[in-house]
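There are 2 protein chains.
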Amino acid sequence: MDAEAKKKVLRMINYGLYVLSAKQDAQVAAATVNWLSQASFNPPLVMVGLKKDSQTYQVVLKSMHFTVNVLGKEQKNIAQDFFKPSTVEGSKINGHAFAPSGSGGAVLDEAPSWFECKVTDIIDRGDHAVVVAEVIEAKVIRDEPPMFMRDTGWFYGG
Amino acid sequence: MDAEAKKKVLRMINYGLYVLSAKQDAQVAAATVNWLSQASFNPPLVMVGLKKDSQTYQVVLKSMHFTVNVLGKEQKNIAQDFFKPSTVEGSKINGHAFAPSGSGGAVLDEAPSWFECKVTDIIDRGDHAVVVAEVIEAKVIRDEPPMFMRDTGWFYGG
Chain B
629 MDAEAKKKVL RMINYGLYVL SAKQDAQVAA ATVNWLSQAS FNPPLVMVGL KKDSQTYQVV
689 LKSMHFTVNV LGKEQKNIAQ DFFKPSTVEG SKINGHAFAP SGSGGAVLDE APSWFECKVT
749 DIIDRGDHAV VVAEVIEAKV IRDEPPMFMR DTGWFYGG
Chain A
629 MDAEAKKKVL RMINYGLYVL SAKQDAQVAA ATVNWLSQAS FNPPLVMVGL KKDSQTYQVV
689 LKSMHFTVNV LGKEQKNIAQ DFFKPSTVEG SKINGHAFAP SGSGGAVLDE APSWFECKVT
749 DIIDRGDHAV VVAEVIEAKV IRDEPPMFMR DTGWFYGG
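Same order as they appear, the protein sequences are chains B and A.
Reminder that position 61 of the first sequence reads as 689 in the numbering used here, one-by-one numbering, no gaps.
Reminder that position 3 of the second sequence reads as 631 in the numbering used here, one-by-one numbering, no gaps.
Rather than coming from a laboratory, the hints here were simulated on the basis of the structure.
Please note: incorrect hints may appear among the correct ones.
Copies of the same chain look alike in the list, so a pair counts if it works inside one copy or between any two.
Straight-line distance between alpha carbons at most 30 Å, and here's what the computed DSS-like set of lysine-lysine pairs gives [unchecked claim]:
hint	residue 1	residue 2
1	Lys-690	Lys-635
2	Lys-679	Lys-636
3	Lys-636	Lys-720
4	Lys-635	Lys-767
5	Lys-701	Lys-636
6	Lys-704	Lys-680
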């Protein structure tokens with residue numbers, strides 16, 4: 629296989645951008661992710677690729693729950709702030725106001741919509757784990773077109 | 629959980645559109661899919677949600693290989709043609725010229741790029757299976773911006 633072709637074709641896959649968060653006791657972690665897709669209507673499942681050596685994945689492994697904040701078209705700055713390790717100060721995580729969701733992680737005040745999931749299966753084969761989870765809660769705060777990763781000029785894939 | 633909110637928020641996830649194909653002996657099947665994402669850099673894995681009662685999934689289960697044709701921005705007509713069951717006539721599948729890839733399925737002549745995968749894991753939990761597969765071949769025929777599902781006005785999710 630031609631490594632350049634592999635990189636190029638895998639970068640043709642289109643993504644949105646999301647801040648995925650989990651909490652366990654006092655620990656809250658959150659990270660920007662793009663490898664996320666629905667995976668079943670009934671039950672409503674999603675699948676997400678999580679970096680195995682990330683803080684967020686370690687917390688997901690403990691709590692087996694997570695929250696996905698869907699980012700709006702103009703929220704590139706939020707995506708950028710969650711490339712960094714998670715730091716909670718008062719009611720802010722990485723500088724953004726949040727509230728904890730039920731058993732998931734941080735719900736960002738600025739997120740136009742979010743959903744919470746309960747992990748059902750994990751495939752631990754590559755440098756990212758495939759985490760399959762059932763959607764157990766969902767909220768739409770306001771109608772806002774979601775972000776396309778391609779519009780940001782960033783790539784995570786290849 | 630509010631079913632309307634769940635539907636709305638899951639439809640905020642952004643996707644591309646792809647024709648996924650598999651073959652086993654003389655049988656070639658292909659279907660339009662959007663629940664597809666990379667899932668690891670090393671090894672290069674993808675994850676895809678395949679409808680369990682579809683012909684294409686049945687062939688994937690037998691061959692444990694598939695090919696993903698990445699559709700370009702202007703190829704909505706091709707996506708539409710693979711919503712239908714697969715019909716092969718001569719060197720055409722659903723009216724589109726193709727060649728078989730190594731151990732995968734149909735490579736469409738019109739596809740700007742494609743990659744071939746070997747299945748490594750399957751999670752059979754919902755109405756779609758989560759199929760995880762390693763990318764073993766990749767070709768870029770021409771540079772062409774990929775299709776956004778959102779631009780088509782179609783949704784498959786919610």
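Report task. Identify every previously stated hint that the structure contradicts and give their numbers, smallest first. Result -> The structure breaks none of the hints.
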